Every structure is written in C-alpha cells, then in structure tokens.
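Asker: Here's the letter readout for the chains.
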Amino acid sequence: MIQFKQFLNKLIIYILLLAGSVVFIIPLVWMISTALKPIEQTMAMPPSWIPYQLYAEIDGQQQKVKQGELVEQPALVVYDESLGKDLIVAQKNVVDGALQRRNVDGDIIEIPVEIRAEIPASLEHPWVKVIPANTPEGTSDAYDETWFVQPLEGLTKKVDFRWGNFGKAIKAMKYFPMYLKNTLILCFLTVLGTVSSSAIAAYGFSRIPWRGRNKMFLVALATMMIPFPVVMVPVYCLFRWLGWIGTLRPLWVGSFFAGAFNVFLLRQFFMTIPKDLSDAARIDGCNEFRIFWQIMLPLCRPALMVVGLFQFMATWNDFLGPLIYLTDQKDFTLALGLQFFQSQHGGTEWHYLMAASTLVGVPIIILFFFTQKSFIEGISMTGIKG
Amino acid sequence: MTRREWKDFWTGIAFISPWIVGFVVLVLYPVGASIYYSFCDYDVLSRPVWIGTLNYQDMFTDAVFWKSLKNTLYFAAVSLPLGLVLALLVAVLLNQEVKFRSGFRTIYFLPSLVPVVASAMIWLWILNGKFGLLNYGLSFLGIEGPNWLSDENWTKPSIILMALWGVGGAMVIYLAALQDVPRELYESADIDGASAWTKLRHITIPMISPVIYFNLIMGIIGSLQVFAQPFIMFGGGGTNRSALFYAVYLYQNAFDYNQMGYACAMAWVLFLIILVLTWLATKSTRKHIYYAGE
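These protein sequences, in sequence, are chains A and B. The first sequence begins at 1 in the working numbering and counts up one residue at a time. The second sequence begins at 387 in the working numbering and counts up one residue at a time.
Only chain A is shown next, with the shape it has when bound in the complex (with noise of 0.2 Å):
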C-alpha cells in the first residue's frame, strides 16, 4: 500500500514536470517553427508545428504548390473568352453552355463559356484551387493564368524548413552586420570593463584592512536600492553635455567605474580565501598590486567567470539603454534594431520576424549551454548570499 503511494506521488510529480515543461518550452518551439515557414503557413488556421511543402500532381509530376482558398462545392472551372480567363461559377449559374450573370441594371446576360473542369458537390472531399510555387507573389496576371482546382487530398505534405528566411530576415532588417558589431563591441567592452574594474574595487574592499572601509562598502551597498529611473535623467544630460549621444560610448564607458552589485558579489568570493596566503606574499615583498594580479585574480577566476557572463548578458539584451542613447540607424544593437524592424514590418511578415528573433535570442541560449555549470551557480549566489 505505502509502495503504491509512493509510486503515486511520483506519477503526479512527473506529470506534472511534465505538463509544465511542454507549456514553458512550447513559446520557443512555436517561434523557431514560425521562423521556417513561408508566410502563408504562418496564417494557416488550423498552424501546423512542422513546416511542410506541398506537392500536386501536374503533367504526371509531383511539383510544389501553394494551395489557395476552398471551392464552394458544386461548382464548374469555366474559361471565360471576353475576359480570356478561367473563373470558378457555380454550377447553377451555367445553363446550355452559357453562364447568366446579371449586369448592372439587374437584368440577366448570357455569357457564353466553355467548360473546363466540373466539380463535384461532396463534403467529404473538399477541393482547393493550388498555385504552382514558384508562382510569383502579387502578380495578379501570373497568378490568373497558372491556377488550377483538385480535390485537397490529391496534395501531399513533405516536411521542408525554410532555412532561407533567416537569410531573407536579415536583408529585411537592413543593418544586421552593423547591429551585430556593435552589440559584439558593447558586450566586449563592458565585459572587460565590468570585470577589471569590480575585481580591483571588490579587492579594495574585501582584502586591505583601511580605515573606514566597513562604512565605504554601507555606502556602496546603498547605491544598489536607487533605481534606474532616478539617475536616468541627469546621467542623460549628463552624456549630452559630453555631446556623446547617438554614439556607444554612454553604453559602455560607466562599466569601467565598478557597479556596487558586482563589487558586493566578488568582494563575497575573496573573503572566503584565506588570509595567510597573500600575508605570505607581503612577508616576501609582494606589493599590494601584485597580490591582486597573480594571487587573488587566478584563485577568483570562477567568480569573475560569472560576473563577466552575467555582464555579457546584460548588454546583449539591454534595450533601455540604445533606446535612450542610440539615434542612428546604423549605430542600434541587436535588441533594439529587432524591435525597429518590429515597428516596421510587424504585423505581417511574422516569418521573419520569428527568424530575426531567434538570430537574437539564440546565441544567449547556446551561451548558457556552454556555461551552465557557472552560469546556475552565479545565479543562486546571488540568491544565497543576497
């Protein structure tokens, strides 16, 4: 009895697990399957989650197709010779051979046409009008002469991922080399100076015993409660007395100057490395610079692995930033230039918009695959020691 509660339990947490991961992970499936389809399977209502091709049968050949809108069954394919075109009538409206419409008094006309194609009334098999695929988009005359009605089931699926659209996304969004130089820049030059300049702080803070340094770190603990929108303003002005907006640097030049938060997380790693061991190093006569640099650094390296990681991350994803600072084009990030391409193209083109999103969120992602093990650690550190 206790054994098949157990077994249970375990059942319902599965389930559970489960049921929850298909629901958090399904955003990301749904955008990379997005990303791969051409834009009529983006607005195919029941969506598919596998891109597909279809392929109809024509002069005894499988050929890819687009397949158009249902037949209102019966109907009949009429070639129309005063508009020189085949239209789809319904069958009632076809009497002898000639098909009565009325004109604009009201009065009936007779049309003579002849008929092509008799479709017949069934619920079952519905049929479809198809396009050949390589049919080109919005040409109305092209597409009036190559059409052509078939029974939907006679169209077969074959699994096919539009790789090509992350091309063609990144043709649309125009800049996409330059977006992705300068977020590479920024992520280079905030990382480096996150990095050097909390290690050298935290080291001030952590390993030097000085006078007034326990009240110093009070201070440097209450910066991290101001909010962002506080200094917004005046770090703004700021920047545009130096006349540097519209350029990167207001995005990276403050990493140089030792935020609190990665000042607090490193100065929390060096403590717990023993005193002796840069004591040793004084005895020898070891300045203070040279503990810090061939002593503490290579010991510390976990640490400053994920401050550096979480940095990266930060600047590959900040949009507030560009946002405020960035005015040209040319100078966006990667963050900032998708949600212009958004503000332009948004609303149709979700194929590529999912492509370019996935360009953007993918690399973070592969990132995090390689750095898991300190990536998870840094996190629940702040989360322990915090």
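Note that these hints are calculated values from the structure, not bench results. Take these hints with a grain of salt, some might be off.
Computed footprint of chain A on chain B, listed as stretches where at least three residues anywhere in the stretch have a Cβ under 8 Å from a Cβ of chain A [as the list claims (entries may be wrong)]: (1) 517-523; (2) 546-558; (3) 647-660.
Everything numeric in this text was worked out from a predicted model, so none of it was measured. Where is the CB? At the ideal position from N, CA and C, for every residue including glycine.
Once you've looked at the hints, dock chain B against the given chain A.
Answerer: This is chain B only, laid out in the frame that chain A set:
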C-alpha cells in the same frame, strides 16, 4: 593613524578608486541633480527653471499618471505572488528525486534567458488575436480567446503571462536553497508520518524563508520598474492606455515630451513607493524568516 595605517588607507582608496569615480559621477551627482530637476521646469534645451513643488502637485491631477500607477500596481499585485508561488512549486517538484532533473531545470530556466525584446516578439505572435497560438489552444477548450493585445481588459494579463514565462531565474534561486535544506529534517518528519503539505509548510518554507524574502524584494523592485515588455508590445500604452506602465510614462515624459523635471519627480515618487512597499514586506515577514546562523 600610524604610517602603516596611512599606507593601508591610501592603498585601499587607490584600489576602490574606480568605484569612487563611478559613485561620484554616476550616482552622487545624478541623485543630487535629479532632486534639483524635480523642482524645476526643465526641457534639456534651456536652463532649468525653479518652480517649487509644482511637478509634484501636477502629479495629483494628472489622470494619466494615476492610470499608469494603477496599471503598474495591478501588474505587480498579480504577477508577483503568482510568480513566487509558481517558481517555488517548480523548484519543490524538481527537488524531489526525479530523473532528468537538470534537463527539466534547463527547460524551465531557458525562457528567462531569452532577451526581453525577442520574448516580446514571441508573445506578440502567440497572443495575436487571429492567428495566435494561445487562442487556437483555447479553442480546444471551447473558449473563444479574446483579442489579447487590443482588448483593454486583456492587455495587462498579456504582460503578466509573459512575466510568468520568465520565472526561471527565481526558480533556480529557490532550487539552490532547497538543496541546502538538511535531508534529516524530512527523514524525521517521514518517521512521524507527516504529509507532503505539512513538510512543505513546516520544513521547506521556513528553511528557505530568507530566499523567499530575497525573491519577494527583488520582485517588488523589478515589477514596479517594468519597462521593456509593455514598451515594445504596446508602444504608447495600448488601447485606452490600459498597458501604460509607470516606467513607460516616465520615459515618455523625459524623452517624448521633454519634461525632464516632471520625469525626475515621478522617479522620486517611484523610489518612495518602492521603499514603502519594501519596508512593509520586510516588516510583515520579519518574524517568519529563519536564519540558520542565528
């Protein structure tokens, strides 16, 4: 001070000098300037003009200000408890002896890594009224989904949904704390025949209460300042300003309307609200927090 002490003092100051410069230039001066600007009419282009407390008085009669404050408090009041409970629930489940724990953990954690701009795009697409995946899913339950992004009753829930998708960060913090809870506590509770709920209520939650408190405070600070998600998804605030959040309105005042003084005053009010709420949260939870060291 002795010579030795002076030497240490100056070495210490030298090491923390990057922080001192940053503190003076990027914190101390801006905080002072921000207080001053908040009592000024300031449009960046011309010099600030002292107007006393007029900015603060204006806030009382500014209907848009109140709307943005209400929206933000609504968002915080719903997303914060839901997020805390959801993150704790997932963490507790993952802390059981389950297979593929790190795989599950990764899945729950991944969404919180996605850059906020990208996740806003994903949710714009999922919440799309016509072709959105969420409404398609709801149709299986016989529910006709609302127009999430344009119906003013549903814009805030949209942002909340998106925020809940990103609870992975809090979950990982909980999980780390849970793994430090001594196993013996559970074992002795098992011997006494305690139920799962009793163990959660009387062992797990008290043991990790400092971390719950930490997540709560971080949640208060973060959710009151939420900016990027509503800004990207609803631009100017959506239908009838139903998704105009405090930080977004503050940004608009500063950079769209050039009312820097008013924006600074709003920032200080926000700071005050955060302080009061943090203080309230601390006061009401203090008795229930257990510190292993004490």
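Asker: State for each hint whether it applies.
Answerer: Checked hints:
A stretch counts as covered by a chain when three or more of its residues have a beta carbon under 8 Å from one of that chain; for the segment 517-523 of chain B and chain A the count is 3, and the coverage holds. A stretch counts as covered by a chain when three or more of its residues have a beta carbon under 8 Å from one of that chain; for the segment 546-558 of chain B and chain A the count is 4, and the coverage holds. With 8 residues bearing a CB less than 8 Å from a CB of chain A, the segment 647-660 of chain B meets the requirement of three and the coverage assertion stands.
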